Amino acid sequence: MAYRNIKRNKRRTLLAIVSVGLSVMFIVILQGLVNGMMENIIKNSTKNETGHIKITTIDYSKQNFSSVNHIIYEPDEVVKHILKDNYISKHIEIITERIKFPVMLNNKGKNKTGICIAGDIYKEKQLLMLDKCMIEGEYLKGETIIKNRKKYREIIIGEKLAKALDLKIGDSFSLMIHGVDFGIHIPGFYIRGIFKTNLNILDENVFMINLQDAKYILNTNGGTHEILVMLKKPQEAKKIASYINNYLFQKSNYKNLIALDWETTNGWVKMMKQALRIYNLIYIGITFLGAFIITNIILMIVLERKKEIGILKSMGFKKWQILLIFTLEGVILGAVGSISGALCGVLVSWPLSIYGIDFSSSMSNMNYPMDNVIKWSIDFTNVLFSVLLGVGVSLVVSIIPSRHAARMQPTEALRSI
Amino acid sequence: MKFFLWVAFIHSLLAITPEEILKKVDKNLNFSSAIMNIKMEIYLPDKSVRIKKFKTWISGNNSYVEFLNKEDKHVRYLKIGKRMWIYDKEEENTFLISGHLLKQSMMGSDISYEDILETEQIYTNYDVKLIGEENLRERSCYVILLTAKVKEVNYFKRKMWIDKEQFFPLKEEIYAKNDKLLKTFEYLEIEFYKDKVYPTKSVVSDKLKIGTKTVVIIEEAIFDVEISSYYFTRRYLER
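Which chain is which? The protein sequence lines are A and B, in order.
Those letters in the first sequence? Residues 1 to 417, by our numbering.
Those letters in the second sequence? Residues 1 to 239, by our numbering.
Only chain A is shown next, with the shape it has when bound in the complex (with noise of 0.2 Å):
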């Protein structure tokens, strides 16, 4: 019966239809690029800082900067322990070394803070992958340059960090460097290559050293910051870190290391988290706006069957089941409306998930780590998310008219006649 009454007026069930279609249209589209923003700032945060799992000192997981002075020492075998353990190692896609620490650069005259990167120059192709972004020069090849009868050790820079401080291929400079041991240590530096990843906290803020050169200048006795693990599924990150955490300390020379999972680390991570509570309430509201015709069109259709509920009344039709018909009437409106509406914001949603769009020039000044270009994310589980959503709304929406209907009087509803 319901089903038969939509098609009654059919420009009303459109407009219904359009109405809830578009709401969810637009919630489709805005969680593909919520999600897309999400998946590049986890992927870029994960491989750029934190990795999957980020295994340090306490000491440097407290401190809210890099100190260089909390070394895990013979990091070597700390790898060799956690791989001979095959329920962690069957999980690692990669494990590597890392120290990190920050400087002041300056050069003719000129100042900026910056942050050294030091890894593994082959294992961070498939981590940092700067060797894909190099604009000019080349990638790291883990020499010693001698220019001038000096010894310099060669580094990589970010494009816009080499531009404030004026530096080019092949220019040269020196930094102070107080090491782990307090001493103080002035290596030079031979500019290799000039990266461009897009990502401005990497362009305007880091440059990459070889690991080996950062232990000797940090004097760290073959110590590091960071182990970073990349998992094949960081999803089970959590789960890994914690056996890493009760395996590494089951051996006393470990007990002061600590296993930290992306999640628990990742500052961005936890502010787009917090982001996404915002964008859900900002979905449910998009979508009562959208499903509030349906209250309306129902209202309407009340009052236009009095004596239809009348009659029905006076055949014995219970409350329930009037407030079915007409509850049912606007959760058919709204379903249509939320398929249609969801299949294309799909259809708007894929070309933007191969293309994307690029915010270069609004995020010139950010430093998110978040490519310039953002992809959209289309995920099915939110898509089937945003039609229950409209299905949902539109059920709520339709009770409150459709009550109306069922606790009309038969006399009354007849006496309109």
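For the record, the hints were derived by calculation from the structure and aren't laboratory data.
Fair warning: this is a prediction, and the values are worked out from it, not measured in the lab.
Ideal Cβ placement from N, Cα and C applies to all residues, glycine included.
You may find that some hints are simply not true.
[As the list claims (entries may be wrong)] Label-pair restraints from in silico Cβ distances: (1) B:E41 with A:N253: 33 to 39 Å; (2) A:N253 with B:K23: 58 to 64 Å; (3) B:I80 with A:V103: 25 to 31 Å; (4) A:G109 with B:K164: 22 to 28 Å; (5) B:K47 with A:W350: 56 to 62 Å; (6) A:K251 with B:N135: 37 to 43 Å; (7) A:G222 with B:I116: 28 to 34 Å; (8) B:K177 with A:E236: 52 to 58 Å; (9) B:K47 with A:K270: 28 to 34 Å; (10) B:Q104 with A:N253: 32 to 38 Å; (11) B:K27 with A:K108: 58 to 64 Å; (12) B:Q104 with A:Q126: 35 to 41 Å; (13) B:E41 with A:N246: 37 to 43 Å; (14) B:I210 with A:K251: 50 to 56 Å.
[Stated by the list, open to error] Simulated coverage check for chain B against chain A, where a stretch passes if three residues somewhere in it have a Cβ under 8 Å from a Cβ of chain A: (15) 97 to 103; (16) 183 to 191.
Since the structure of chain A is already known, use the hints to place chain B on it.
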């Protein structure tokens, strides 16, 4: 009544002014030249004490430093007036410490480079006030407050406790413009050389760090010796 006024007038004529106190302190502390062996103990929370040893040659406002402890043996400092260079022998690199780097701590200690570089007589750049007299470590002291009158000083406000008898600072507190305590210097042990005095043990504590202090001990000192000017050249530093 007239008598008391006369006594007060004579007393004010005889009383020492804070500028005079600081001049006496300067005269007391400044040696024309010195060669010293110094030990620096750096105390950090939850860490074992780090010991740095160095030998320094000082002549007027110039000084040259060579580190003696194993991990810093490659490091040398040269200070000429208000400029300071560091040389790393391992890397064969010289670095001029300037700008923001002057605020950095020297070898992880509580002493900054600008603390070392301060060469001018402080009363020329500060308004000096005698704010009272106190007993400190059983010594009677003048308490002097110095407030910066020019911008080009390291610290805005200083409070000094100066031994009334020896004209030697026993303690100095350093404050920011908002009266936040930044650093304290305490001179715990002193020795005499002719008519002069020098601290053999002092403690510096950077109050912006938690639970740190640096103890500076002069283990050996020779004063008023002839030091070749060659020590205070870049060529000698980078030899």
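Right, here's what the structure says about each hint:
Between E41 of chain B and N253 of chain A the CB atoms are about 29 Å apart, so this pair departs from the stated range of 33 to 39 Å. Between N253 of chain A and K23 of chain B the Cβ separation comes to about 60 Å, which falls inside the hinted range of 58 to 64 Å. At roughly 26 Å, the beta carbons of I80 of chain B and V103 of chain A sit within the given window of 25 to 31 Å. The beta-carbon spacing between G109 of chain A and K164 of chain B, approximately 48 Å, falls outside the hinted interval of 22 to 28 Å.
For K47 of chain B paired with W350 of chain A, a C-beta distance near 57 Å keeps the hint of 56 to 62 Å intact. In this structure the supplied range 37 to 43 Å is violated for K251 of chain A paired with N135 of chain B, their Cβ-Cβ distance being about 56 Å. A beta carbon spacing of about 33 Å between G222 of chain A and I116 of chain B agrees with the range 28 to 34 Å that was offered as a hint. A C-beta distance of roughly 54 Å is found between K177 of chain B and E236 of chain A, which places it inside the suggested range of 52 to 58 Å.
Between K47 of chain B and K270 of chain A the C-beta distance comes to about 31 Å, which sits within the given range of 28 to 34 Å. For the pair Q104 of chain B and N253 of chain A, the supplied restraint of 32 to 38 Å holds, since their beta-carbon distance comes to about 34 Å. Judged by the Cβ atoms, the range 58 to 64 Å given for K27 of chain B and K108 of chain A is violated: they are separated by roughly 43 Å. In this structure, Q104 of chain B and Q126 of chain A meet the distance hint of 35 to 41 Å, their C-beta atoms being roughly 36 Å apart.
At about 40 Å, the CB distance of E41 of chain B to N246 of chain A agrees with the hint of 37 to 43 Å. Remark: the range hint 50 to 56 Å for I210 of chain B to K251 of chain A is contradicted by a beta-carbon distance near 31 Å. Residues of the segment 97 to 103 of chain B lying with their CB closer than 8 Å to a CB of chain A number 4, which satisfies the three-residue condition for coverage. Using a Cβ-Cβ cut-off of 8 Å, 0 residues of the segment 183 to 191 of chain B lie near chain A, which falls short of the minimum of three, so the contact claim is violated.
Hint check: violations occur at hints 1, 4, 6, 11, 14, 16; the rest are consistent with the structure.
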